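Colleague: What follows is the residue order along each chain.
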Amino acid sequence: MMWTQRIVLLVLGLGLLGLTLNLIRRRRLREEYAVLWVATSIVTLLFVLFSGALFDVATWLNLDHVVLMLLIVFVFLVAIMLHYSVVISRHSEREKGLSQEVALLKDELDKLRDEVRQPPPPPVEPKPKPPSLRT
Amino acid sequence: MADRPNQTPPEPSFDLGGRRALVVVPAFNEGEAIARVIRDLKRHAPWADTVVVNDGSDDATADEARAAGVHVLDLPVNLGIGGAVQTGYRYAWDNGYDLAFQFDGDGQHRASLLAEVARPVLEDQADLVVGSRFLQPRGMTAYGLRLLGIKVLAATISSVLGQRITDPTSGFRVAGRRAIRLFATEYPQDYPEPESLVLLVRQGLRVREVAATMRRRRGGQTSIGLWAGFHYMSKVILAVLMDMVKAPVRLEGEVAS
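In order, the protein sequence lines correspond to chains E and V.
To convert a position in the first sequence, counted from 1, into our numbering, add 164.
To convert a position in the second sequence, counted from 1, into our numbering, add 1273.
Since the hints were derived computationally from the structure, they do not count as laboratory data.
Check before you lean on any hint, since a few could be wrong.
Capping the alpha-carbon separation at 25 angstroms, the derived lysine-lysine pairs in DSS-like fashion look like this [unchecked claim]: (1) LYS1315(V) to LYS270(E); (2) LYS1424(V) to LYS1508(V); (3) LYS1315(V) to LYS275(E); (4) LYS270(E) to LYS260(E); (5) LYS275(E) to LYS260(E); (6) LYS1424(V) to LYS260(E); (7) LYS1508(V) to LYS1519(V); (8) LYS1519(V) to LYS260(E).
Just the calculated beta-carbon pair ranges, DEER-fashion [what the hints assert, rightly or not]: (9) LEU273(E) to VAL1425(V): 45 to 53 angstroms; (10) LEU185(E) to ARG1293(V): 52 to 60 angstroms; (11) ARG192(E) to GLU1396(V): 56 to 64 angstroms; (12) LYS1519(V) to LEU213(E): 28 to 36 angstroms.
Treat the numbers as computed from the prediction; the structure is a model and nothing was measured.
Note that CB positions come from ideal geometry on N, CA and C, so glycine has one too.
For reference, chain V alone in the conformation it holds in the complex (with noise of 0.2 angstroms):
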């Protein structure tokens, strides 16, 4: 199945101005899905590097992804993907990458916009950008009960952290060095992807959404069911809340560079 050529044309000719750039798809059973989202991204970001975080899966999805033509980490076994997504930020900080994108290997994100998003980032208008679903009204892919949940969320998160956060759970993103940096020491375990938001500034690192469209996700399963939703937005709140008090990240020694 092609991605269908409606979006931005691809960007093989985009300018890093000589940085490097990562993009870490984290992989837990995905082997069906997996070979085309690494198609995807090597004919829309071809300047980037790819690698995938094998997170302990059963089925093919290593084999697949080095048959692709890409580095594979091979985690021995399953973290989660709070653990698997920091063990690429940690590959990116030991090689020197100045770009980390996350990108989800179920191929619900589209890799023409890795571009967009990288863009505050590259013009150091912040260390964190999320492609957000719900900045523009064609983008979003959730609804009724999910929507409400997320909605809530982002209400809870935008007033913690005094910033407006309107998709607080998309794997979308893209770390600059300072967050690679932060990333590779402590990335959260139980929901990566509020509670990272929160841990980067606390630490004083700048947050920017960017719109993004998403596809309807094919192959693999959601990690959060309809029902299971509720009870995952209260502990979501709860993990947010516990982050608050939690004393800052001393980092050792002074950023490479």
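One chain only, chain E, in its complex shape (with noise of 0.2 angstroms):
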């Protein structure tokens, strides 16, 4: 590999290794979501260190070293993008669940709130249990 192509690989792996970890570090990225990122990152460096194998991977799969680079860095991506659906399916189930019960409790506190502004009943008549309140 020529060595303007490995300074411009080790330059990009270092910076996004760089980036995601700054991030991580101000906590303005989760480590669960970084490690793809990072994964990443560290291929790119691997490509920079064995660029030999690399080679031999081309051309055992006909294929031209940088078009090999390219495959890789597009199953890390289209990785990372399924990882995001999965993300967001998990998030938008938890954000249905969450309203729905933010419905049922503000019920249940209108329940509670008219019982306790209403007179108390008869001592004599057993106080009637609304049927929402679980022991």
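Since each chain sits alone in its own frame, please combine them into the complex, following the hints.
Modeller: This is the structure in structure tokens:
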């Protein structure tokens, strides 16, 4: 691999790694979501260190080494996007559950509030228990 | 506009055998229709409690419903029909109801038919009963392309489930205890009516259809336009096929009572 290519990859890999680590350090990015970005930057750096292996695999697959590199990067990007879809699905499921919980709790709260405001029932009759109150 | 009294007479003395029934009314911007729907329910089904699930409406739906004297579950954001209906099922499960009806807030369903639809559940013949517009020719309220779409959808779902389903998009239904429990845990979000049938059958629950006429809708908007119908149909079929490969839902613990 030409030294200019190595330098460009080295800068890109280190840059991505530094950016990701810095975002984690400043708590702007949770580790859970950073794993794939760190992995991507490490793979980029591996290209620089083991360019011989890259050439071998490229020859074996009958591909140009640049095409192989792009292919690997592409696979990582697809993995990251798939990961995002999973995360988004999980979040919308949680948002749905939380919204429902809010609606149910608000209703429960209204019931309790009405109960508190009502004058106490005569002591002879047992106080009617609203069906929603779980013990 | 009063309900024409030509259907089954009001059944205020309907015998539930000591079981408790809840009518879940999902409503999104039904401020104009909701009060009439609740009056209809109070007249024909005084044996059931009613809860309106207000799906983040920007009109007076919640106020109208409260003024009509029923409980309102106010969703803080618009979840769509699936999320709204599931809120009702969670309420039904939490409060120990034995029957949970689904009844649209736009006035197209007939409260006078609730008792009839509930019968197979009460007799333990089914876990979910769907009020079908197509089991008798009189009940049909769909025409042209929409009718064709529903027919294709019904044929697909029937063959997938190995059971004849004539009206998979009907939102007029009643769930028994087992179905309430399942729906409180898992309820489809995208196309809930047809998808929930697949979910039920795959979980080993029994689905039955009963003939039910419906009114032409007044007030509110249909969720499906004529030309969007084909798009809708193909997406539902895709969703149903995806439901077929999903892992079964595991419910925690045992069924109460």
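Colleague: Regarding the pair LYS1315(V) and LYS275(E), is the alpha-carbon distance no greater than 25 angstroms?
Modeller: Distance ~21 angstroms between LYS1315(V) and LYS275(E) Cα, so the pair holds.
Colleague: So the hint says 56 to 64 angstroms: do the beta-carbon atoms of ARG192(E) and GLU1396(V) match that?
Modeller: holds (60 angstroms)
Colleague: Against the 25 angstroms threshold, does the CA-CA distance of LYS275(E) and LYS260(E) hold or violate the hint?
Modeller: Cα-Cα ~23 angstroms, so holds.
Colleague: Does LYS270(E) pair with LYS260(E) here, judged by a C-alpha cut-off of 25 angstroms?
Modeller: holds (15 angstroms)
Colleague: Going straight from one Cα to the other, do LYS1315(V) and LYS270(E) come out at no more than 25 angstroms?
Modeller: holds (24 angstroms)
Colleague: Are the Cα atoms of LYS1519(V) and LYS260(E) separated by 25 angstroms or less?
Modeller: holds (20 angstroms)
Colleague: I want to verify a distance hint. Is the separation of the beta carbons of LEU273(E) and VAL1425(V) within 45 to 53 angstroms?
Modeller: Holds, at about 46 angstroms.
Colleague: Does the Cβ-Cβ separation between LYS1519(V) and LEU213(E) fall within 28 to 36 angstroms?
Modeller: Given about 43 angstroms between the Cβ atoms, the range is violated.
Colleague: Has the given pair, LYS1424(V) with LYS1508(V), been kept, meaning a C-alpha gap of at most 25 angstroms?
Modeller: Cα-Cα ~15 angstroms, so holds.
Colleague: Hinted pair, alpha-carbon criterion (25 angstroms max): LYS1508(V), LYS1519(V). Please report holds or violated.
Modeller: holds (17 angstroms)
Colleague: Please work out if LYS1424(V) and LYS260(E) have their alpha carbons no farther apart than 25 angstroms.
Modeller: With Cα atoms ~31 angstroms apart, LYS1424(V) and LYS260(E) exceed 25 angstroms; violated.
Colleague: Does the Cβ pair LEU185(E), ARG1293(V) satisfy 52 to 60 angstroms?
Modeller: holds (58 angstroms)
Of the numbered hints listed earlier, those contradicted by the structure are 6 and 12.
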